[in-house]
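**Q** The lines below spell out each chain.
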Amino acid sequence: MELCQLTAHELKDKLVQKEITATDILDSCLQRVAQVETQVKAFVTLTEESARETARAVDEKGDYRGLAGITCALKDNLCTKGIRTTCSSRMLENFVPPYDATVVRKMKDEQAVILGKLNMDEFAMGSSTENSAFFPTSNPWDLERVPGGSSGGSAAAVAADEVIYALGSDTGGSIRQPAAFCGVVGMKPTYGRVSRYGLVAFASSLDQIGSLTKDVTDCALVLNLISGYDKMDSTSVNAEVPDYTRFLVPDIKGFKIGVPREYFQAGVDERVKEVIKQALLKMEDLGAMVEETSLPHTEYALPAYYIIAPAEASSNLARFDGVRYGLRDTEAENIIEMFASTRARGFGPEVKRRIMLGTYALSSGYYDAYYLKALKVRRLVKEDFDRAFARYDVLAVPTTPTVAFKIHEKSDNVLSMYMSDIATIPINLAGVPALSIPGGFVDGLPVGLQLIGKPFAEGTILRVAYTFEQNTDYVGRKPKLGVN
Amino acid sequence: MPNTEYEAVIGLEVHAELKTESKIFCSCSTEFGAEPNTQICPICTGMPGVLPVLNRKVLEYAIKTGLALNCEIAEFSKYDRKNYFYPDLPKAYQISQYDLPICRNGYLEIEVDGQQKRVGITRVHMEEDAGKLVHQGTITATPYSLVDLNRSGVPLLEIVSEPDMRTPQEARLYMEKLRAILLFLGVSDCKMQEGSLRCDANVSVRPRGETRFGTKTEIKNMNSFRALERALEFEIDRQIELLEDGEKIVQETRTWDESKQATFSMRSKEEAHDYRYFPDPDLVPVVVDRDWVEAVRETLPELPDAARKRLVQNYGLPEYDATVLTLTKDTLDFFDRCMEEYHDAKVVSNWIMGELNRLLNQQNLEITECKVTPFGLVSMLRLIDEGTISGKMAKSVFEEMFATGKQPEVIIKEKGMVQISDESALEPIIARIVADNPKVVEDYRNGKDKAFGFFVGQVMKATRGQANPKMVNDILKRILSGA
Ligand SMILES: [Zn+2]
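Protein chains in written order, with the numbering used here: chain A, 2 to 485; chain B, 322 to 804.
Calculated from the structure, these hints are not laboratory results. Everything numeric in this text was worked out from a predicted model, so none of it was measured. All C-beta atoms in this analysis are idealised placements derived from N, C-alpha and C, irrespective of residue type, glycine included. A portion of the hints provided could be inaccurate.
Said to hold, decoys possible - If the Cβ cut is set under 8 Å, some of the chain B residues that face chain A in the computed set are:
hint, residue
1, Ala413
2, Gln415
3, Ile416
4, Arg597
5, Pro602
6, Asp603
7, Arg631
Given the sequences, and given the hints that come with them, work out the whole structure.
**A** Listed below in structure tokens is the structure:
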């Protein structure tokens, strides 16, 4: 095995034992990038030079605390001082932030080796990374298929062993759905667990930064690094952050797992259902109590989401007006024309569609019927979860209705694309944490098992996921990328 | 208002800049007058990914103001986004408060023709200021404009009144009282010229006796109390004329043009923005606990109305004096400090309202900027009381104090301005003047009062104003009657 194929905790052990250096890891990853990047196309920007500097500095110091010296990469909507942050949009193609996002600062403080910025659906709007203004990313398991989205570059880079782990952001499934499609572990923490400061906002009340890792232990390590209250983010929660590795106990005897039937209805591939069913049987074998339950408002989550998220986006994306940074149409005759043509040129069709949807939903005369009603639905969805968690430790459902679909398969059918997030969206509306872990395979393509927890109970999710991982062999399987 | 068949209905929307040290959602300085774009950061320039964090001082000032304006303080309020595109608005939305403002249902009192009148305060809410555009040349011919974001994110309070005012004079009195309250609270500088106090007016007219409101217009761009009064007078006349001619008032926003002394249409109701307000998801709702409100109430200083009553009751000052002395906190402080060392309030009040205010207005200065101290004024008053200088001399001493900041004793010494209260010195001078003017003596004896004044004037002239006036009177009377 090459170093790049190992997990962060395996590499950390070798670093501490002085068997290898951070530079060795970086070299291995760079070699992998050279081999596969032309096929996967996960990176928007490579920062080889600064990565080398960091690796060298860590090695000189020889202090391999936490995730120091481990090669990683960031979704390109996390602001990095001095390194362009594009959101995979023409609008920000040459935008270089003057500051670091809080999570980026934490990673720099930890001396994480950041190899670059990863492709995504433009402004995180999409489920396939086909909405990148630059190029689509491929699924390492089948290059003709999408890696999912919007954190498709993050999931693909980890699945292809180009980096050891990556950060993404999740507004309606944007970490978990690509994690499921690419066969890696993706965690969306509780809303407020991780500071959003420096994450270019899509829908502020739903956005949350999270991790894409090769296994559950790495997920706990990254969560340790990025979690915590931040005075720069009023919505981050001032609650104690436990050491998440404490929850890595392979024992779920007596755990109560609820299985809401609404997540197994029409539209969910029968073979995906079967994989999840087998996974749940496995949980029972391991001593958990698995029981069918109901989250009755699930069907209303998707329409409510497509009001709330675009409404917030229409306001969040209004600042891209050509005045202070980013693209500007310098030919425009006057300020109104400059605003209009800059935005017409800078945004792709999906971003425009959502801005228009959101603007409409907030317009006077429609606000009550759309936005206010959607907020009420959101409350009902949240109450469904509250009731379920009075009974169960975690809920288990498929992460996606199908395995990864083909590139172009859904790009012309907006609604069917939106449906691919049907099992992840309710979780963002409720603000609860959820993780996607490889739960099996269909035709050689990974299927994601989604575990949902109570607010701030990431530890419980990790324990269930870890137990499942240790008792199956789905986590750690590698795609047969044409390396040789 | 010349036309008495109509009455006007006026409501004011006032924006007061809060004088917190830092901006409302970031830690940048709020200081006025810095070089363009030197007091900015990623947050107040609306960089991608940044988030606002509330400056608690702003909330405290808002609560303070609400309490001073007799408002209810909301236990639960929230921030909303007001969305519109403009180059001086970095996020393309302004963080404001829409349907749940921090304060509502208050009032303040003004005195109109000797009667107390209550003007309702609908609401007080917090919001952020925008930046400012600097045009090269005129706004229509400019090849490009520059954006200065120093002011972006400076905290504002918007204070909205009920449509309770009926005349431009009432509107002006309301503004003066509101300004006085904000100054007493110390929450704002309230400088209309620098824009730290701004005011828009909603105005309509209706036939007297009618209870429904007429169609209103909104007037903007009034940069002084005088502009406010003039603009309202103009607009009321304009609306009455339209109604008299059988025409309809158009609901619109109009701007006051100071140079033309007239209002002009800016945009009609149909062109009005849809601001698409919605709760800002980046900020948590404001939950104000009652204990905090009570703690803030404890810190409220004496307010203008209470101070006015105190001046009337404790010092027996006329209402008018008390009102003028409580227009600003600084004026009242000046008066109070004088009274710590001096006994006669009316004399102090006369000097502050008279000479001091005259010189301040003449030189466009604030009372805090002037060189005369309360101690200096009191020292001068004592010199008058002791007979060292006359009231007339005091005027020129005061002017010198105002110009140079010197103490009155020093000025008197330097200029040799001591009052002559020595009978043996005055008598020969007066006797000579009487002797030199036999014809006027004749007039005096024939009962012409003017003649006496002539002699006083001549004596003062001969002594360069330094003769003790009372003594001059006594000696003159004696010489004229006895001689
Ligand atoms: Zn700032």
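**Q** Against this structure, judge whether each hint is valid.
**A** Hints and how they fare:
Restraint check, Ala413 (chain B) versus chain A: the minimum CB separation of about 3 Å is within 8 Å; hint holds. For Gln415 (chain B), the interface hint is violated, since its Cβ never comes within 8 Å of a Cβ in chain A; the closest pair sits about 11 Å apart. Given hint, Ile416 (chain B) at the interface with chain A, is violated; its Cβ is 11 Å from that chain's nearest Cβ, farther than 8 Å. A hinted interface residue such as Arg597 (chain B) counts as satisfied when its beta carbon comes closer than 8 Å to some beta carbon of chain A; here the least separation is about 4 Å, so the hint holds.
Here the hint on Pro602 (chain B) is kept, as its CB sits about 4 Å from the closest CB of chain A, short of 8 Å. Here the hint on Asp603 (chain B) is kept, as its CB sits about 5 Å from the closest CB of chain A, short of 8 Å. Given the 8 Å rule on beta carbons, the hint for Arg631 (chain B) is violated: about 43 Å separates it from the nearest Cβ of chain A.
The structure shown violates the earlier hints numbered 2, 3, 7.
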